[in-house]
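Engineer: Generate the whole structure from the sequences, applying the supplied hints.
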Amino acid sequence: VCVEMCLRSSDIHEKREHLEEARQLYGFAKRSFETKATEDELKLLEHQKMLEEKLGVKYVGLSLFDTIHLLLMRNSPFVEKLRSQFKVSDKRFSWLKIRALAAGKKYDELLML
Amino acid sequence: MSAYSHLSSGRLDVSPVREEARRLFLDLLDQCEGTKALVWDQSMTGPFSFISDYTLLKERGVNKMTIIQQQMEPADAEQHVVFLIRPNPDLMKLIADCIKREENAGKGRDYSIFFVPRKTLICERRLENFGVKGSFTNIFECGIDIFPVDSDVLSMELPFAFRECSLEGDHTSMYHVARSLLLMQTIYGIIPRIYGKGQCARRVADIMLRLRRDIPKECDMILPEFDSVILLDRNVDLLSPLLTQLTYEGLVDELFGIENGCCKFSADRFSEQSGGGGGGSAKGQQQESAAKTVILNSTDELYTEIRDLNFYAVGPLLNRKAKHIREAFEERHGAKTVGQIKQFVSKLPHIQGARMSLSTYTTVTELLKEKIESSEFMDRVSMEQDVFRAVDVDRVHPFVEQLISQCAPIAKVLRLICAQCTACNGFKQKVYDFYRREIIQTYGFEHLRTLKRLEDAGLFKLHGQKVYNTIRKTMRLTVEDVNEQNPNDLSYVHSGYAPLTARLVQALTKPEKWRGLEEMLKLIPGPTVDNQQSLHPSIEKRRLSTPSGTYENPRLMLVFFLGGCTFAEISALRFLAQQEEGQTDFVIATTKLINGTSLLKTLIEPPPKS
Numbered sequence: 005v006c007v008e009m010c011l012r013s014s015d016i017h018e019k020r021e022h023l024e025e026a027r028q029l030y031g032f033a034k035r036s037f038e039t040k041a042t043e044d045e046l047k048l049l050e051h052q053k054m055l056e057e058k059l060g061v062k063y064v065g066l067s068l069f070d071t072i073h074l075l076l077m078r079n080s081p082f083v084e085k086l087r088s089q090f091k092v093s094d095k096r097f098s099w100l101k102i103r104a105l106a107a108g109k110k111y112d113e114l115l116m117l
Numbered sequence: 317m318s319a320y321s322h323l324s325s326g327r328l329d330v331s332p333v334r335e336e337a338r339r340l341f342l343d344l345l346d347q348c349e350g351t352k353a354l355v356w357d358q359s360m361t362g363p364f365s366f367i368s369d370y371t372l373l374k375e376r377g378v379n380k381m382t383i384i385q386q387q388m389e390p391a392d393a394e395q396h397v398v399f400l401i402r403p404n405p406d407l408m409k410l411i412a413d414c415i416k417r418e419e420n421a422g423k424g425r426d427y428s429i430f431f432v433p434r435k436t437l438i439c440e441r442r443l444e445n446f447g448v449k450g451s452f453t454n455i456f457e458c459g460i461d462i463f464p465v466d467s468d469v470l471s472m473e474l475p476f477a478f479r480e481c482s483l484e485g486d487h488t489s490m491y492h493v494a495r496s497l498l499l500m501q502t503i504y505g506i507i508p509r510i511y512g513k514g515q516c517a518r519r520v521a522d523i524m525l526r527l528r529r530d531i532p533k534e535c536d537m538i539l540p541e542f543d544s545v546i547l548l549d550r551n552v553d554l555l556s557p558l559l560t561q562l563t564y565e566g567l568v569d570e571l572f573g574i575e576n577g578c579c580k581f582s583a584d585r586f587s588e589q590s591g592g593g594g595g596g597s598a599k600g601q602q603q604e605s606a607a608k609t610v611i612l613n614s615t616d617e618l619y620t621e622i623r624d625l626n627f628y629a630v631g632p633l634l635n636r637k638a639k640h641i642r643e644a645f646e647e648r649h650g651a652k653t654v655g656q657i658k659q660f661v662s663k664l665p666h667i668q669g670a671r672m673s674l675s676t677y678t679t680v681t682e683l684l685k686e687k688i689e690s691s692e693f694m695d696r697v698s699m700e701q702d703v704f705r706a707v708d709v710d711r712v713h714p715f716v717e718q719l720i721s722q723c724a725p726i727a728k729v730l731r732l733i734c735a736q737c738t739a740c741n742g743f744k745q746k747v748y749d750f751y752r753r754e755i756i757q758t759y760g761f762e763h764l765r766t767l768k769r770l771e772d773a774g775l776f777k778l779h780g781q782k783v784y785n786t787i788r789k790t791m792r793l794t795v796e797d798v799n800e801q802n803p804n805d806l807s808y809v810h811s812g813y814a815p816l817t818a819r820l821v822q823a824l825t826k827p828e829k830w831r832g833l834e835e836m837l838k839l840i841p842g843p844t845v846d847n848q849q850s851l852h853p854s855i856e857k858r859r860l861s862t863p864s865g866t867y868e869n870p871r872l873m874l875v876f877f878l879g880g881c882t883f884a885e886i887s888a889l890r891f892l893a894q895q896e897e898g899q900t901d902f903v904i905a906t907t908k909l910i911n912g913t914s915l916l917k918t919l920i921e922p923p924p925k926s
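Top to bottom, those sequences are chains R and S. The numbering of the first sequence is the numbering used here, which starts it at 5 and goes up by one. The numbering of the second sequence is the numbering used here, which starts it at 317 and goes up by one.
Worth flagging that the hints you see were computed from the coordinates, not collected in a lab. Treat the numbers as computed from the prediction; the structure is a model and nothing was measured. Among the clues, some could well be false.
[Said to hold, decoys possible] Simulated crosslink set (DSS-like; lysine-lysine; CA at most 30 Å straight-line):
(1) LYS746/S to LYS85/R
(2) LYS777/S to LYS40/R
(3) LYS768/S to LYS62/R
(4) LYS47/R to LYS744/S
(5) LYS746/S to LYS95/R
(6) LYS53/R to LYS768/S
(7) LYS658/S to LYS639/S
(8) LYS768/S to LYS19/R
(9) LYS728/S to LYS95/R
(10) LYS409/S to LYS19/R
(11) LYS746/S to LYS101/R
(12) LYS744/S to LYS91/R
(13) LYS917/S to LYS19/R
(14) LYS777/S to LYS91/R
(15) LYS728/S to LYS40/R
(16) LYS95/R to LYS744/S
(17) LYS777/S to LYS47/R
(18) LYS62/R to LYS917/S
[Said to hold, decoys possible] Take a look, some chain R residues computed to stay more than 12 Å from chain S by CB distance:
(19) GLU21
(20) GLU25
(21) GLY31
(22) PHE32
(23) MET54
(24) GLU56
(25) LYS58
(26) LEU59
(27) GLY60
(28) VAL61
(29) ASN79
(30) PRO81
(31) PHE82
(32) GLU84
(33) LYS85
(34) LEU105
Note that CB positions come from ideal geometry on N, CA and C, so glycine has one too.
Structural biologist: This is the structure in structure tokens:
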């Protein structure tokens, strides 16, 4: 578990290596939840890196829902992909959408929901 | 001096504790020659305000004070730089950098370092490695363990004690606890009986018995003030601090945060006439920072009266007080003779003071009320009511789900989850995974560490032995139909829930002590402590011949919370002392005054900025 200490590194490549190591260790320790969480984080990191290159905004280090929130605010179609890949429930997604619309002051759309 | 007079107003005069700390500090300071510049560890300024003030330091040649930080320049012309710090290894680099910078610039002077309360090997080693250890004229240990916060409350101001003991296996703080008990025994005599519950309690009791030989011989001849000390590990009762405190003082702490006996409010709500009143705040400061500092301790009569009440009882009381004061003012019309007028004028300052503090606390009450009437607060309290009655605790609670969806501060969310977890003795797999997933997806991957910590501390776990309900029933933790206005049971502090810690103390005030509770005590983690310290025969004889535990001469018990205690717990104990059947008074000591949020913040990764 002490591998998590290394998570603080800011470099993406280093981060990925550490996560990979952590995933393996969790696997050995048969901690399924942690293994899954680390896998998800790895996937999320890939997406975030891609998004950063494409959109030029900082995404790395954000949580899944913060990422979705930001994407919703700029109406990015990429949201659907994240939503399906991380199996976000409908209930949860509606909340995110409402929050994003409210934050973007898009009241017309909010009323249309 | 008068600012500290309340310390000697309680059942036990705690001012000697303050005197001792002051003496230790000033003696060391006097050993440093010349004019001095003090460099404070940020976390030390608050606690030291309990024992000294600026004028006093000025008399001792302190011209300048700064806080430790990067690139600091502690002194201009002062001869001697004194660092006053906790033995925190991270600070060593800052100190070393500062000294090196000064020496390179040819501005070398005398340096001293005071470790509070004790130096550690690792800190000294660090200084050595940075090559600055030789630059110090003095490396002192300033053995101040405990600070008097109020007339019946002492705090060691160690916020991380719980984390260190239950997660990191670092029990240094328990050694400090034992040292502070040693000091208490030198002042107030040997404490004949030691009770306790929990791993840390056992540890402290053992060290305490070992340190007995360090108590000066003449102290054996002091007639003991305390009949017993009870050591309570925070692990014994994790639920109480997680619940919202519903006493006046507790709520001020929950909603605005009490630090070092003071609380800051935004000033615009306080009318001009209340400025400088109440607990005596500085008017100039108020204008500068637009924050009003209210001192919250037993110096103020009115505050002493309302601090321990359930919030719902405060309004009516303030109302009555306002009426009294108006009546007192009206008396002047009734005053006919010169004598009567004279009498009225002599009472005037008192009445005016009372009016001022009334206005201050009424404003505070209004501010609290606004927050309490929000639907979020109501929902939270109603969920807590379900939780401590163990109703529906086995499933995901909709209110928690809602809070997470709204990205509420993580400490608030975790507080409810942990409370729920304690009440149901661990979650079912499905609920457990749901909460974990939601937290990581909402608040970020780094909280995998937070969750692990909570798990290690026993606050968040999978289902285990079902003990909560047994304990709840044996100790009557939950009470139906509480009377918040005129409480008849200490469960009023959480509107229907009595802290287990307070119940354990209550049991000890009765003649049967913990007998009959053995089965229940086994369900609480950690060993039970029951030790005796033998007294000098002549003292023992004298002690037995003076009747104690009677109405005129109540027993005095020291309750030591290891890992922090809440204001609600203190209120519960004060309430207990006022009950007629109790006949026991309490002095409360703790490693730190906490609430659920501040406790959890020490466990959250990364530590959230306050």
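Engineer: Identify every previously stated hint that the structure contradicts and give their numbers, smallest first.
Structural biologist: As far as the earlier hints go, not one is violated by this structure.
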